[in-house]
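Undergrad: Using the sequences and the hints, build the whole thing.
For reference, the chains in residue letters:
There are 2 protein chains.
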Amino acid sequence: MYKKEISKAVINRLPRYYRYLGDLLEKDVVRISSKELSEKMKVTASQIRQDLNNFGGFGQQGYGYNVEYLHSEIGKILGLDTKYNMIIIGAGNLGLALANYADFERRGFFVKCIFDIAPSLIGTEIRGITVKNAEEMENYIKMNKVDIAAVTVPKTKAPSIASDLAKWGVKGIWNFAPTDLNLPKDVTVENVHLAESLMKLSYRLSGNDIE
Amino acid sequence: MYKKEISKAVINRLPRYYRYLGDLLEKDVVRISSKELSEKMKVTASQIRQDLNNFGGFGQQGYGYNVEYLHSEIGKILGLDTKYNMIIIGAGNLGLALANYADFERRGFFVKCIFDIAPSLIGTEIRGITVKNAEEMENYIKMNKVDIAAVTVPKTKAPSIASDLAKWGVKGIWNFAPTDLNLPKDVTVENVHLAESLMKLSYRLSGNDIE
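Sequences listed follow chains A and B, in order.
Count along the first sequence starting at 1, add 65, and that's the number in my numbering.
Count along the second sequence starting at 1, add 65, and that's the number in my numbering.
FYI, nobody ran anything at the bench for these hints, they're computed from the structure.
Any copy will do: because identical chains look the same in the list, a pair fits if it lies in one copy or spans two.
Heads up, simulated DSS-like pairs for lysine-lysine below, C-alpha to C-alpha not over 30 Å straight-line:
| # | residue 1 | residue 2 |
| --- | --- | --- |
| 1 | K73 | K220 |
| 2 | K232 | K107 |
| 3 | K250 | K92 |
| 4 | K141 | K100 |
| 5 | K100 | K73 |
| 6 | K100 | K250 |
| 7 | K236 | K105 |
| 8 | K73 | K107 |
| 9 | K141 | K105 |
| 10 | K92 | K220 |
| 11 | K92 | K105 |
| 12 | K250 | K220 |
| 13 | K220 | K177 |
| 14 | K148 | K236 |
| 15 | K177 | K207 |
| 16 | K222 | K92 |
| 17 | K148 | K73 |
| 18 | K73 | K105 |
| 19 | K177 | K250 |
| 20 | K250 | K232 |
| 21 | K177 | K222 |
| 22 | K141 | K220 |
| 23 | K197 | K210 |
| 24 | K236 | K141 |
| 25 | K148 | K207 |
| 26 | K220 | K148 |
| 27 | K222 | K107 |
Note that this is a predicted model, so its numbers are computed, not measured.
TA: Laid out in structure tokens, this is it:
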């Protein structure tokens, strides 16, 4: 429906709109003007109107936005009206941090199990989620619906694991390994490169401003 | 020197150049053409030349780039020729994952200590880094050089902790809490919003392409 029409910059802002609207909902705010929203989010009101116009608007001139409606519509655009089954590869601290993050479930992302190769971890549980032997991964993926795999393994192992995941039918890879993955076009990769984030911080700390 | 002249998009690409050049260095590659680099990085060669021209070029027509030199120069632009002292607030799985990531040190980011409020964690160690009582934080920051604080506390607590950090003189905040921080202008905030990253993945999984 919105295919290829919406720019990456707009999409990058949508989760932030969604988060702000969710915060407002928690505070029982019913309606908000683009001006108020813009002050909260430190984005211009015209930017907000422009962004939302990409999806047909949602606001009525002079009435502002209905918070619950806008939250739910942006959620639909982001695909959050779907339930996703997620597995986590790697039961290190990062994998466990993701497994522990109950907030993901509220948005429809359900962590079903964690895979690791360390005998000391296999069989342990976190929040009721079992750490399974990585050798069972192929079979598990073939027998269960797995939409997203969070890859938290070292960078030397990530490319081959990701290729296997893709081969076994996983369409969404949430990659935390500091390497890029080259996967078939029908597989979506979202990278979280922590070291690169830290470098952007150091760039600005070292006296450089970003426009 | 480069103040306000370089666009955010270019800066966002620099850490990735740095990572690729580091990988090439590890493989003892001495020289690379923008064409080869572009094939590896899946960026056009002209994009690479344009990006690097922002900083004066570095390449000689027909000779390509000297990998070590380019890696070191981009490192300098990113401020990686400086040593940063980092503290981590929150010794949960995410805080421990960051403390465990030895790769940060190679880039000049040294985790000096972790702060938490849980009595069961205070006094424990990870990779030789001690978890201290959060009550000691103010004094620690005033007595030691702290350049960066990684904030891995719940979103309800993050804003006030970040304000305190800024007040005590910390100029760089690496924020993992799912909330925006409003801090004085001289404080640099770099956000890692995991839930938003997951939403971008779900957006694309739900049948939408990003340009």
